[in-house]
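Chains as they are written, first to last, in this note's numbering: chain C, 1 to 117; chain Y, 1001 to 1114.
There could be a bad hint or two in this list.
Far from chain Y, by Cβ distances over 10 Å, these chain C residues were calculated [claimed, not checked]:
{"no.": "1", "residue": "Q17"}
{"no.": "2", "residue": "S18"}
{"no.": "3", "residue": "D26"}
{"no.": "4", "residue": "L43"}
{"no.": "5", "residue": "E52"}
{"no.": "6", "residue": "G63"}
{"no.": "7", "residue": "Y64"}
{"no.": "8", "residue": "S67"}
{"no.": "9", "residue": "K71"}
{"no.": "10", "residue": "R72"}
{"no.": "11", "residue": "R77"}
{"no.": "12", "residue": "A82"}
{"no.": "13", "residue": "Q85"}
Heads up, simulated DSS-like pairs for lysine-lysine below, C-alpha to C-alpha not over 25 Å straight-line [to be verified]:
{"no.": "14", "chain 1": "Y", "residue 1": "K1073", "chain 2": "Y", "residue 2": "K1101"}
{"no.": "15", "chain 1": "C", "residue 1": "K57", "chain 2": "C", "residue 2": "K71"}
{"no.": "16", "chain 1": "C", "residue 1": "K9", "chain 2": "C", "residue 2": "K57"}
{"no.": "17", "chain 1": "C", "residue 1": "K71", "chain 2": "Y", "residue 2": "K1073"}
{"no.": "18", "chain 1": "C", "residue 1": "K71", "chain 2": "C", "residue 2": "K9"}
{"no.": "19", "chain 1": "Y", "residue 1": "K1078", "chain 2": "C", "residue 2": "K57"}
None of these hints come from the bench; they were simulated from the model.
By construction, the Cβ of each residue, glycine as well, lies at the ideal position given by its N, Cα and C atoms.
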Amino acid sequence: NAGVTQTPKFQVLKTGQSMTLQCAQDMNHNSMYWYRQDPGMGLRLIYYSASEGTTDKGEVPNGYNVSRLNKREFSLRLESAAPSQTSVYFCASSDSGLAGVGGDIQYFGAGTRLSVL
Amino acid sequence: AQTVTQSQPEMSVQEAETVTLSCTYDTSENNYYLFWYKQPPSRQMILVIRQEAYKQQNATENRFSVNFQKAAKSFSLKISDSQLGDTAMYFCALRSYNTDKLIFGTGTRLQVFP
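When you get a sec, could you build the whole thing from the sequences and use the hints?
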């Protein structure tokens, strides 16, 4: 009963380092999302993927890249980390093809807490 | 642009009492969905309740119910018989019918006291 799995759970980077956050879902969902959560600002969408092979920018895409490797996996890459990217990152998925019968519901992973020094 | 506003940064309630969390939103769409998510200290985002805008009947899930006022663009969450395990951040969120994107409010931190 895994749902959405994110790795790692915690990470500390130095400014300028790169890293990839991994996300996998086992619910056969079409759509996947990356959010960041900052104090007092709720969750903001970074990138999303409506289906395998497609990705689109969200509200705050600068400094990030994504890859929809296959239907299950959606990774988020920081090429040159900056202190402003210190945040908690959430991956989510939904079966958007079933909008109106529950496909609109997004299911979230447990998050990755990232600190950039 | 769509927006979601939660005007109560923090709330507290005594165990077994009832509390209502407020949410207002703005959208030009006629068809959309509204959600309340709970985020306990574990950080996991958990869906509490969902409302489809075209349905006039307010959604309920056990102790959780909503007061959906479409004309006023208001979507409040009522928690009855509050339990210690209800202590969490609560986020209101909006999604248009024809988009995958969720717009979140800034959250309300709820503390349930014994």
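- Message: Name the hints, by number, that the structure is in violation of.
- Response: 4, 17, 19
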